[in-house]
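Student: Okay, here's what each chain looks like letter by letter:
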Amino acid sequence: QKEVEQDPGPLSVPEGAIVSLNCTYSNSAFQYFMWYRQYSRKGPELLMYTYSSGNKEDGRFTAQVDKSSKYISLFIRDSQPSDSATYLCAMRTGANSKLTFGKGITLSVRP
Amino acid sequence: NAGVMQNPRHLVRRRGQEARLRCSPVKGHSHVYWYRQLPEEGLKFMVYLQKENIIDESGMPKERFSAEFPKEGPSILRIQQVVRGDSAAYFCASSPQTANTEAFFGQGTRLTVV
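Residue numbers (this note's numbering), protein chains in the order written: chain A, 91 to 201; chain B, 124 to 237.
Be careful, since some hints might not be right.
[What the hints assert, rightly or not] Residues from chain B shown here face chain A by an in silico Cβ test under 8 Å; the list is partial: (1) Leu166; (2) Phe168; (3) Tyr171; (4) Glu175; (5) Asp179; (6) Phe228.
Just so you know, the hints here were simulated from the structure itself, not pulled from any lab data.
Ideal Cβ placement from N, Cα and C applies to all residues, glycine included.
Make the full structure from the sequences, and use the hints.
Tutor: Here it is in structure tokens:
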């Protein structure tokens, strides 16, 4: 079993839709959870960073962490064509330790 | 405030040659990480360095790969005697010494071995 599993894609939605992206993990030592967005042929860009279980909101993005179920989600409201990218979940066990990534899911938002 | 700078952006090497990838972290950042991204795969950790020290190299292949982060200058990822399977995007990330802060990624170096 992989340490981090991410829902496979690709995912295509119409503009304005609510998007839900999900990851599960098996290592209970993971304490920090991130979502990165990666445009084609670019480096990953940090979108959301959470530590505790619960929800964290930033504009149209909401990150949700459920440590008891070992499950994290990213919700995108009012999706835009500019949101079309690959989304990667990532997590780590401690401060400054290595990141373990999910495989990524490619999202396409149709105008 | 410049971000993480990687160069070259694209690198073509013939089988058996050496590849040297450079990473200049964000000014003031003392932690550097290297990751590799193969086609259709997520990012895989390779090595974590602080100035003049390798902290975690658990993701680094045992042969042909080495990394350094000298007191002065950029971090270098070196791949000797490259093979076609080394073709990938290599990303560098840096973070400050302060705990509980996130790493910021460069734009990557795309290595193609022909």
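Student: A separate judgement is required for each hint: does it hold in the structure or not?
Tutor: Results for each hint:
Because the closest C-beta pair between leucine 166(B) and chain A is about 5 Å apart, less than 8 Å, the hint holds. A cut of 8 Å between beta carbons decides the hint on phenylalanine 168(B): the least distance to chain A is about 4 Å, and the hint holds. For the restraint placing tyrosine 171(B) at the interface with chain A, the shortest Cβ-Cβ distance is roughly 6 Å, inside the 8 Å limit, so the hint holds. With its C-beta approaching chain A no nearer than about 16 Å, glutamate 175(B) sits outside the 8 Å limit, and its interface hint is violated.
For aspartate 179(B), the shortest C-beta to C-beta distance to chain A is roughly 6 Å, which falls under 8 Å, so the interface hint holds. Interface restraint check: phenylalanine 228(B) against chain A, minimum CB-CB distance 4 Å, threshold 8 Å, status holds.
Figure legend: structure checked against the earlier numbered hints; the only hint not met is number 4.
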